Amino acid sequence: MITYTMRQFKHLMIGWLLALSLTAWAQGSTAQFDAHPQNKAKSGRSIELTPVYGYALNGHVNLYRAKFKMENAAQFGGIVSVELMPGTMAEFTYTHSATDALYEDFVNAENRIYDLNIDYFQLGVLKELRKAKLVPFGMAAMGVAWYNMQTADVSDHVSFAVSFGGGIKYFFSDRVGIRLQGRLLLPMYFSGGGLFLGIGSGGPSSGVSVSTGVLAVQGDFSGGLIVRF
Numbered sequence: 001m002i003t004y005t006m007r008q009f010k011h012l013m014i015g016w017l018l019a020l021s022l023t024a025w026a027q028g029s030t031a032q033f034d035a036h037p038q039n040k041a042k043s044g045r046s047i048e049l050t051p052v053y054g055y056a057l058n059g060h061v062n063l064y065r066a067k068f069k070m071e072n073a074a075q076f077g078g079i080v081s082v083e084l085m086p087g088t089m090a091e092f093t094y095t096h097s098a099t100d101a102l103y104e105d106f107v108n109a110e111n112r113i114y115d116l117n118i119d120y121f122q123l124g125v126l127k128e129l130r131k132a133k134l135v136p137f138g139m140a141a142m143g144v145a146w147y148n149m150q151t152a153d154v155s156d157h158v159s160f161a162v163s164f165g166g167g168i169k170y171f172f173s174d175r176v177g178i179r180l181q182g183r184l185l186l187p188m189y190f191s192g193g194g195l196f197l198g199i200g201s202g203g204p205s206s207g208v209s210v211s212t213g214v215l216a217v218q219g220d221f222s223g224g225l226i227v228r229f
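The sequence shown lines up with residues 1 to 229 when you count with our numbering.
Watch out, some of these pointers could steer you wrong.
To be verified - Per label pair, the in silico range of CB-to-CB distance: (1) Arg112 to Asn72: 16 to 26 Å; (2) Gly223 to Met85: 21 to 31 Å; (3) Arg65 to Ser173: 53 to 63 Å.
As the list claims (entries may be wrong) - Computed list of lysine to any residue pairs in SDA-like fashion (alpha-carbon distance at most 25 Å, straight line): (4) Lys127 to Gly182; (5) Lys69 to Leu215; (6) Lys67 to Gly167; (7) Lys127 to Phe172; (8) Lys67 to Ala152; (9) Lys131 to Ile47; (10) Lys127 to Ala140; (11) Lys131 to Lys67; (12) Lys131 to Gly87; (13) Lys131 to Lys69; (14) Lys127 to Pro86; (15) Lys67 to Asp156; (16) Lys69 to Met188; (17) Lys131 to Phe171; (18) Lys69 to Met142; (19) Lys67 to Thr151; (20) Lys69 to Phe106; (21) Lys133 to Tyr64; (22) Lys133 to Met188; (23) Lys133 to Leu225; (24) Lys67 to Asp100; (25) Lys127 to Asp115; (26) Lys131 to Asp100; (27) Lys127 to Arg45; (28) Lys131 to Ile178; (29) Lys131 to Gly223; (30) Lys69 to Asp115; (31) Lys127 to Lys67.
Hints in this document: simulated from the structure, not taken from any laboratory.
Model, not experiment: these values are computed from the prediction.
We put the CB at the ideal spot given by N, CA and C, even for glycine.
Can you make the complete structure from the sequences, with help from the hints?
See the structure below:
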């Protein structure tokens, strides 16, 4: 039931982004670019919709006696950006990559190939470095990475993930532009945790510890059409 719901959400969101983008393109592609962002204050905060397509560097996972190598593959998705203040935007990003993975067992000299989809759901902040037709930016986000196994009888895996990146936007008009970016993606694992309580000469003390690590180092390069409202 969970897999079915996530796939429905993915397809609905992509269709919604594409439909709104095409509508806004038809209505506003001839608008002139406004180089003065203070003029936007009268109409409220801007919203940007960006369907994206690119290439994912999917990396590998080192296991105790094996390696799980995920092949690089094409990627698509979408970004919804909402202006928080001039030059700063909150963003929701979804990306999907369908790929193969090679499992290499070093002890038994056994290799297996698995089909999987890699889906990232991220919430973050984008900071624009200037307001002009050409806009460089940096960004950071966190969310989850869903390793959706397509091979039968193999369980999915969901990891907490953080991302960092940057890129440029170029606006042809006040409503339409393009976005090019690169991201470093770091899915994490939690290997354990602990809680301690103690009483000594200095009084009571307590603490919490959590052990974490990077499951795989991944990344992507993508671009897409920006439609701004």
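Hints versus structure:
About 19 Å separates the C-beta atoms of Arg112 and Asn72, a value consistent with the hinted range of 16 to 26 Å. With their beta carbons about 26 Å apart, Gly223 and Met85 fall inside the hinted range of 21 to 31 Å. Under the hint 53 to 63 Å, the C-beta atoms of Arg65 and Ser173, about 57 Å apart, fit the expected range. A hinted pair counts as satisfied when its Cα atoms are at most 25 Å apart, and Lys127 with Gly182 qualifies at roughly 14 Å.
Restraint check for Lys69 and Leu215: satisfied, since their Cα atoms lie roughly 12 Å apart, inside the 25 Å limit. The suggested pairing of Lys67 with Gly167 is violated, with an alpha-carbon distance near 32 Å, which exceeds 25 Å. For the given pair, Lys127 sits about 20 Å from Phe172 by alpha-carbon distance, which is consistent with the 25 Å threshold. Distance hint between Lys67 and Ala152 is fulfilled; the C-alpha atoms sit about 20 Å from each other, no more than 25 Å.
Taking the CA atoms of Lys131 and Ile47, the gap is near 15 Å; set against the 25 Å cutoff, the hint holds. For a cut-off of 25 Å, the pair hint linking Lys127 to Ala140 stands: about 9 Å separates their Cα positions. The hinted pair formed by Lys131 and Lys67 fails the criterion: a straight-line CA distance of about 45 Å is larger than 25 Å. At roughly 7 Å between alpha-carbon atoms, Lys131 and Gly87 fall within 25 Å of each other, so this suggested pair holds.
With a C-alpha separation of about 41 Å, the suggested pairing of Lys131 with Lys69 is violated against the 25 Å cut-off. Proximity of Lys127 to Pro86 is assessed by CA-CA distance (about 9 Å); at most 25 Å being required, the pair is judged to hold. With a C-alpha separation of about 17 Å, the suggested pairing of Lys67 with Asp156 holds against the 25 Å cut-off. A C-alpha spacing of about 17 Å is found between Lys69 and Met188, which places the hinted pair at or below 25 Å, so the restraint holds.
Restraint check: the Cα-Cα separation between Lys131 and Phe171 comes to about 11 Å, which is no more than 25 Å; the hinted pair holds. Restraint check for Lys69 and Met142: satisfied, since their Cα atoms lie roughly 23 Å apart, inside the 25 Å limit. With a C-alpha separation of about 18 Å, the suggested pair Lys67 and Thr151 falls inside the 25 Å cut-off, and the hint holds. For the hint pairing Lys69 with Phe106, the CA-to-CA distance comes to about 13 Å; that is within 25 Å, so the pair holds.
A C-alpha spacing of about 50 Å is found between Lys133 and Tyr64, which places the hinted pair above 25 Å, so the restraint is violated. Restraint check: the Cα-Cα separation between Lys133 and Met188 comes to about 37 Å, which exceeds 25 Å; the hinted pair is violated. Restraint check for Lys133 and Leu225: the C-alpha separation of about 14 Å stays at or below 25 Å, so the hint holds. Restraint check: the Cα-Cα separation between Lys67 and Asp100 comes to about 14 Å, which is no more than 25 Å; the hinted pair holds.
As the CA atoms of Lys127 and Asp115 are separated by approximately 36 Å, the hinted pair breaks the 25 Å bound. For the hint linking Lys131 to Asp100, the alpha-carbon distance of about 41 Å lies beyond 25 Å, and the restraint is violated. About 15 Å separates the Cα atoms of Lys127 and Arg45, which keeps this hinted pair within 25 Å; it holds. In summary, the hint linking Lys131 to Ile178 is supported, as the alpha carbons are separated by about 15 Å, within the 25 Å threshold.
The suggested pairing of Lys131 with Gly223 holds, with an alpha-carbon distance near 20 Å, which does not exceed 25 Å. Straight-line distance between C-alpha atoms of Lys69 and Asp115 comes to about 12 Å, which keeps the hinted pair within the 25 Å bound. Between Lys127 and Lys67 the CA atoms are separated by roughly 37 Å; this puts the pair beyond 25 Å, and the hint is violated.
Violation of the numbered hints given earlier is confined to hints 6, 11, 13, 21, 22, 25, 26 and 31; the remaining hints are satisfied by the structure.
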